[in-house]
Structures are given as structure tokens and as C-alpha cells.
Amino acid sequence: MFSKRNLVAYAIAFLFILVLNFALPRMMPGDPLMAIYGDEALIAMTPELKAQLVERFALDKPLWQQFGAYFLALFQGKLGYSYYYNAPVLSVILGRLPWTLLLVGTSLVLSTMLGIILGIESGWRRGSRTDRAMLAGLMSLNGFPDFFLGMLLLIAFGVTLGIFPLAGALTPYSGLSGLALVMDILRHLFLPVAALTLAHLANGYLLTRNTMITVLKEPYMLTAKAKGLSQRVLKYRHAGRNSMLPVVTQTGIWMGRVVTGALFVELVFAYPGVGYLTYEALLARDYPIIQGVFLMVAISVLVANFLIDLSYPKLDPRVSYAY
Amino acid sequence: MLEIKDLRVSYGQDVILNGIDLELGSGETLAIVGESGTGKTTLGLSIMRLTEGTVRGVIRFNGKDLLALSDNEMQQIRWSQIAIVFQNANNVLNPVYTVLNQIMEPMVEHGLKSRDEARDRTAELLRYFGFPRDRFSAYPHQLSGGEQQRVLLAMAMANNPELLILDEPLSSLDAASRTEIGNLLRETDKHGAKLVVTHDLDTVSKLADRMAVLYGGKIIEAGLTRDVFSRPRHPYTRALIRAYPNMTTVKDLQGIKGRMTRPVSGCPFHPRCTQVIDICRTKTPHLVWSEGRHIACHRGGIITLLSTKNLTTSFGSLKAIESVNLHIEAGETLALVGQTGSGKTTLAKTIMGLHQPTEGDVYLENTKVDNRGKDFYKRVQMVFQNPGESLSHRLSVLEAVMEPLDIQGIGTDEERKERAIQVLGEVELPQTRNFLNKYPHQLSGGEMQRLAIARALVLDPALLIADEPTAFLDASIQAKILKLLLNLQEQRGLSMLYITHDIAAARKVSDRIAIMLDGRVIEEGPSNEIITAPKQGYTKNLLTAASALHSTESSGIEQQTLNSQ
Amino acid sequence: MHIDLKKEIKESGPGRAGLIILLLMIAVALLAPVIAPYNPYQQSTASLLPPSWNHWLGTNQVGQDIWSRLVFGARTSLLVGFGVGILSTLLGTIFGVSAALLGGLYEKVVMRIVDAFIVIPMIIVVILISAYIRPSILTLILLLSLLSWQGGARIVRAQALSLKERGHVAAARSFGAHHFYIAWRHIVPDLGPVLLVDFIYSVRRAVFMEAGLAFLGITDPTVVSWGMMMRDALSFSYLNVWQWWLVPTGVALSLTIIGLTFVGHAAEPVIEPRLRGAEVA
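Residue numbers (this note's numbering), protein chains in the order written: chain A, 7 to 329; chain B, 1089 to 1653; chain C, 323 to 603.
No lab work stands behind these hints, which were simulated from the structure alone. Treat the hints with caution; some may be incorrect.
Stated by the list, open to error - Taking beta-carbon pairs under 7 Å as the criterion, some of the chain A residues facing chain B (in silico): (1) 225; (2) 226; (3) 234; (4) 286.
To be verified - Here are the simulated lysine to aspartate or glutamate pairs, EDC-like style, with alpha carbons at most 16 Å apart: (5) A:231 to B:1161; (6) A:231 to B:1140; (7) A:231 to B:1159; (8) A:231 to B:1197; (9) B:1466 to B:1447.
Backbone N, C-alpha and C define an ideal beta-carbon position, used for all residues, glycine too.
Given only the sequences and the hints, what does the whole structure look like? Please build it.
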């Protein structure tokens, strides 16, 4: 049931991304080179360079050959050159990537784990005041867009209370190392992660809670209770373990949301990740960067989803590969 | 070791268990028998405090009242001292953990074994219950129904509980597995006590020494299994056994009239009981000890309707019947089988008062019958051999059926007519005006016999004596008449004295059979015993000579003369 | 089906609250010209003023009245939200039902496309496209719809597949009905509750997206957008103008989304009856 069908879907998605990336600039009216590089960059180029680029991109050849050239270049890891940053796109992106990974990774793990635990506890006490309060609370929290939450946190803790720094991933030119460096990074990381985690907490919570409700009605829960097992064991080992399964399936999709959210949060906190890079590139109309980011993000999300799909059967013994 | 007193369980407004008393000692196996919805599963669950309803009463286990314990204390007792084997269904086992894991779990969690010890014991248990070695790490969804049942059993025995509750342990298994597992269960843990909850009488006979029958939230009969099976004393128990097909059943299956309802007051069975009296409707009978049995019935169980003591009737020097001792219980059919001249009809007529006995007495509901007045005939009626003769050719159908009512002076003319028409419906005769005006010679043999039966029923008797009711009829009609009689018994709780020479027909309608030869009853007992294990030579001859559709030519059936002594 | 959707929502505490919030927002959007004292585009020299009787929420950096902009912003959010909701649900229904009914290669192709698009983060695609094309409200609605119908299609197809097996469909088929008739008469009406829930969540997602994109600067410059307002407010976060500029806007946006969330959640038991129960007041 799993891999074959998903593989095809992922392949189609991949193709779509490639084609989109390829087609957009070439669909624009006017000089395709301008569309690829943006008019500002073009001004800086010499005619010889322009000719070189035309050749590189095979812009004077038929469309399918262009696609071939494009595809080939992609495979060789050549994502283009950014005139704004004066460096190859790939290196620019890679320079910013670690911060985004840190941000997204931490938030995803935290929000999912916390969401699951809250969901289990809430589902276990379904209908009680605690449950209803948590439900209303988290659903309301879910309504706050990540950038708004970020801004509120920034203003509350950064500007007003001054506990956390206002921008960046670390204090520039501070020359810190070792533990002090780690602490500095963490202080800068705290608010952005908090914003992202809180904004996406409800995803895991709602799904786990819903699944818990159905799971608790299953016969094996009565069996477990009859075995005289403690509440904790019943909640987590028996009910929780079964309630987690849909969450794992959905994590791939949530990752897409968190990545999107990171975009906004980085903007709010001027956090130097790929998201902030995108924003800068948008302002500067640096198309190669935008395209490069798009490609990287989209493909990473695809790959992550695929890996998650592969690992699901390990968690649910009822499911097996259907090759 | 287990003592339950006045246990009451209800879910909101619904009362599921209405005062249960029972006792179970070490080494005993008690079966709680009931049909679906009677609350037997609830009983099992409430002992372990796993029900969600309101529970009241006392459940004393080894001296401690389980209902008074705290949640923590109960949690410790669960699965270490009392365990339950749930009914085998989907998802009784957690789908994400292996079989091995789930059996080890209660051992480890209760701190009774280390992981290694638990693993060894699990292997031992699974081996004992016949679970294949190479499947220990299988997941529940990979198991067959039989395998899953074995796992459930092994899992329950994990901590060697003193009390084991089994909910339908054999119902989902095939015949071979049933015997195997049944034996395993009986051998296992002879010191512990077992409570088996089931609707399946086969399970009861395989596993339990004692049984208690549950109806309407109460126990209505309890005793040793073999006693209850051979001689059920509560009308419900008898009906239950009659409805259950097994290899020893000879009588056709009968249902119980009506549907299970919960009457507001009185005995829970009274709407469906065929020997109900006024008190049954108002007061709930208690479970009392009587003659080796616990029974909850205001009438002390199934009553004896008619009995004869040393009955002898002579015509001059010829003793037509001699020293006949018989009894017929309420709602049962006694078949009287014998050849022509054995005295069957004489006996019937003596009981009816058409002949005077020279010695002995007849008792109706334990009262001696001296003069047979109208009251007697209201309770005992007879259907004669030849309907052509017993029906007056002067009376129309309606008049014939109304005749007994007219004689007894019951009701108004209108009421009698209504009653007559109703009874005609019961025997499945038309109730049209056209039919009512017909005369006996215009009817077929089958219709005439039905008419005769209708006439006998119109007074609503408790006992119907049917003398060779199908002798003059074709085979197919005979079948219908027999079915009709069985139906009437089911609906009205009618007792029958079924007189016939045909032992094959007798076996299909009777609970007990009495064999008559030369005026004496030479053998008598439950139908299935007489048919499968007759003691008297004459009886054996009768059986051999009885109509068998498939007779073996080669071995040759010995056709002994039936007139020999 | 037998479950009354309106009743479900009305009986749930949060559902009721959500409905009220939504209706309030719709009312504000419709009555915008009436309740806004100023033209939201009109700039003036009175910039960054705190709230006063003249300007209930003060003014922004180019002297525009914040309250008026807030009120008109509701129009944008709801317009895009409902626009995308309708179009996306429509597309989802068409593709979902057709895939279920027609089956075969068509179904396989459609479902692969659906699976493919569900994984791709929508916003990234929109960002990329809008780098090249300046979006107007209409293009935005179109674009977002094209990228978000897939979620609904999956659910609709699943539901349609089970409906397809019902007796009355088989009967219609035996009368010679063709697919369109069956879809129109027998399947779509029973899809009602599912479609409604899908619609509500689509609207919610669209409101979210529109605000987010506007926050990034990707918006139709001829309209007022809450996202854009928040973006402007961000640059002034060191001043305390955020109290009456950022917060009311953010709260208005969040409330709208929360309202939709609550209503959607209350309507969910329609699809999954087992969720019904003791949780509502």
C-alpha cells in the first residue's frame, strides 16, 4: 500500500517543481535572461557575460534542449549565481541552512512531542474541565498565525522585558566559544522556537486527542485494565502507543507547515536562516536565490515525507510493504 | 473462596443484575449459564470491578470485600489473584505488541517476575496451551481465532490466579479444539477456582461441575451440572436444554414462548412461564435449597401435574392394567408406547374416568382424584383415536368445538363462540363462516383430527391425553399434527400423554417414554436414554423393528415376533 | 445524513462562539464603509498618532486611520478566504467525485496528482510565482485555489467511493443513469456535511495564507490587508505603537481564524460520529 503509490506521487511532485522552476522565467514577456536574473543584475553584466550565460542556459535553442541543459546543471549541483550576494546560489543557501535546520528541527520535535503528550492527557480525561480547557485553549492558540505570535513574543520578552535578544542567531563579533557560545545561540533561538512551537502545537494535540478517544473504546484497553496495570502504563504504553500512529503519518505534512512558518518567524526575528534569505531575495528581486530556495525546500520536504513513509511499518505491525 | 451476596448492577435506569447470590470454593468450576443480554458477562466483569455501571452488594474474595477496596488495592489484585479470559474477538489484544510481550507484561508489572523469568514462564504457558513455538513473536492480527484463544488463556494463567473467570472460552473454536482446550482447562490449576460464563451448554458440560442458570438478572436454578442436565427443575432451564441441539437430543427443538422482557415485578420469567400463578406476578421468588438443588420458583420448580399410584383396572378376571405408577410433569410430554392390547387405551380411559380402577389412585397436582367433576375435565382432556367416530356427525364444526364450553356453562354465547374461533386458529384451521358451518364428513382426515384437538383445547386444559392421534392419517399429515402438538406445548405449556405404538414418532415429541407390555409399565425414563440405552429386551426389539428408512439388507434386521414373551 | 449539521454546531459551546465571531466579522466586512470614519487609503501628515476620539486606533506611519484600515482589511481577508474556499471545494468535489465514479486510469492519475500536491508546501510555490507575477486579488484567489483543492479531493473521493456502493446508486444505475446524473442526484447531496467541513477548513487556510503572503509583501497593492498592516507595524516595534496598531490587527486576524477553527471542529463529528460525546458544554 505504501511505497509504490507514494513513489509515483513524489516523482510527479518533483517533476512539477522542476517544470515550474524552469517554465516561470521563460514564460515572462521580454528577455529571458532578464527574467532569470532580474533587471538589476542585468545592468551589472557585460555583454560578453551575457553571451556566456545565453550559451550556458541554451536560451537560443529550442525549449526541450533548454530543459535538458537545466536538468543537467541541476544534477551537477549548479543552482546558479547570485549577483546580489556575489556568490553561487548553492553556497549562499548552504551558509544559511544550518540556522533554519536548527530552528525547524527543534520546533518540529518540540511541538510534536508536546502535542502528543498533551493530546494523550487530554484524550484520557475527555469531557473533564481540564480537557475542555486544553481543547479550547489550544484551538485558540492554533488560530494565531506564527508571525503574530512571534511578534507578540518579541515585543513582550524582547522589547518590553528585555530578557531575550531582538534579532539574529548570535551576538555578532562577540568572540564567544564553547559553552558560552552555546548559551548565546540558545538565547537567540529561544523566542523563535517558542513562536513556531506554540503555533503548531495544536496539530499534534488535536490528532492525538482524537485518536485517543477512539482508541480508549477498543477492547484491548479493557484487557489492559483487567491486567491491573497502572494508569501511566495504560495511558502511554497501551493507549498512547496506538494513538501516535496517525501522528507519524501526518508529520511529513506538518513539516511543510513548520517550514513555511519558519519563513515568517525568521523574518520577525531577523533570524539569518533560509527564510530570511528568501525575504531579502524577494525584495532585491534576486531570482536565482528564490528559485534555488524553492527547489531546495520543496525537495527536502519531499524527501522527508518519503523517509517518514518508509519508517511507518516499523511502528505499526499491521502494515507491511506491498511491493 | 468467592462469595457473592445480593449483587446488583445497573447502568443508569437499566438493572442488569438484580440480586445475585453465589459461592465458589477452591478447586471448583462453576458455570453461569444465560442467553445473550442476561448480564452474565457483566457478572464476570463486576467481580473484577471492570464494569462502568453502579455496583452494589458484597463480593467476598478470600474474606475481603472486593467492592470496598480502594482502586489501588483492586489494581494489585487484578491479574495476580483474579484473572479473566475475555471473549475472543477482534482487538482484544493490543495490535502493536507481540504475543510474547503481552503475556510477559502482567508478570513483570506486578513485580512477580524478572524479565527473564517472565519470558521462560510465557514459553511454558504457550507450550502448555498448544501454541506453536515459532510464533511467539507474532502480532495479534497474524493469529487465527484458535491461536488467539490459546494466547488469551495462557495470558490469563500468567500469574497463577486463584480465581479464573472465563467468558465463552470455547465458543469460537472448532469441535476438535474444543475438546482439546476443554481438557486442558479441566486439568489446569486444579487448586484454583474457575467461573465460566457462557450461553453454550456444551461448554458447561465439558468444563463445569456445578452450574447456575441466569435469567432476568437473577439466578433461577443452580446445582450439580449432571443433575440439572438430566432433570432440570425450573421451566426456563428445561426450555433452554430443549432448545439446544446436541448429539443426545431426540426430541425436536422447541423454543420458549414470548421474548425476553424485564417485568416490573414478580418472577422475571413469569410472562413466559406456562405454569404461572398469581403470586408469580407480584412477588419475586428467592433462591432456596430444595432436594439437592437451588431453585427460585414459587411453585418449587416444575410441578408434577398428574400421577398414578398402583393403578389397576380389571375387566372380570382380565387385568387390563396392573400396578401402574406413572407421573407427568407440567409442560412435558410422556409417551406411552406399546402394542395393541398392551393396555394403553385402558390406562388413558381410566385416568379420564371412563373406566373405574379396581385398585390404586390417580392424583392431579398431588390431590387425589375421587370424583371427576367439571373441574377435573377442565384440566384434563382427551383426543381419541378415531376422529370420525369421536365427532358427532350432527354437529357443525363450530358447534363441535363449542360443545365443551356449552356443557361446562362457561361464559356467554358470544364469548364461547369467540373462544371457539380462536382455538380453531390455534390448530391452524380456517376461521371462515363457510368452514364453521361445515360438517365432519365434509372434512379431510387431517382436518378432522385438528378439529378434535381444537375441541379438546377449548377448555384450556393443562394435560392433553392424545390416544394414537395420527393413526388414521397419512404420513405428511402426521408430521403436521406432531408439529402442531409441539407448538401448542411451547405456547401453552401443555402437558401431554402421547399414546402410540410407533416409537419412532414418540421419540420426536416426548421428553420421557414409558413402555407398556401386557398391562404393565416395564420400562420408563428420559427419551434419549430409552432410545440409546434401553434396558429391557422388549424395548430393544421395539426399537429394532421400528420404521427405519435406511435398513441394511446384508446384516439383516432380526424381525423377532413381537408377541413373544 | 441523519446528523443535523446545524444542530451539531449550535449545540457545541465552542461551535456557537465560533459562529458568533464569524458572523461578527462578516458584518464588519459588509458594513465597512459605514463604520469606517475615514477613507483607508487617505494619507495625511498626522502620522503615528496614539488613539484618540478622532482616530480610535490612532494612525500609521503615513497618517492613515488604523481603525478604518482594520475594518476594510476584514473585506480582503474574508473575500479571499471565501473565494478560495468556494473554488477549492468546488474543484475538490469535481475531481473527487469523478475519480470515484470513473475509476481506472483517470482515477489513478488524479489521485497521484492529489498526493503530489498535498506534500508540497503551498506558500513556497506562491512566493515563487509571485516573484514573477504581481498578484491581484483575483489571481491570488485563483492561485491559492489551484494549490489547495487536493486535500478536499481526497476526502471527497473516499466518501464518494463508499456512497457509490449504496443501494440507491445501484438502483439508479440499473435504470440506465450515467455518471453525471448519479453524481448530481445521488452522491453530491449526501456529501453535504463533508463538503461543508472541507469548505470551512479551506476558508481558514486561505485567510491564513493571504495574511501571511501580505506579511511578506506579496499582496494586491490596491487593497488593505491585515497582513500588510502587521508588516508595517513590525518596523516600528521599538515604539509602543504596537499596542494599538499591531495587536488589534493581529487579534482580528486570529479571531477570524479561531472562529473558523471552532466551527470546523464542531462540525467534525458529522464525518466521524465516534468523536461525539462529553466534551461540549
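Outcome of the hint check:
no. : hint             : in the structure
1   : 225              : holds, 5 Å
2   : 226              : holds, 4 Å
3   : 234              : holds, 3 Å
4   : 286              : violated, 47 Å
5   : A:231 to B:1161  : holds, 13 Å
6   : A:231 to B:1140  : holds, 12 Å
7   : A:231 to B:1159  : holds, 11 Å
8   : A:231 to B:1197  : holds, 12 Å
9   : B:1466 to B:1447 : violated, 25 Å
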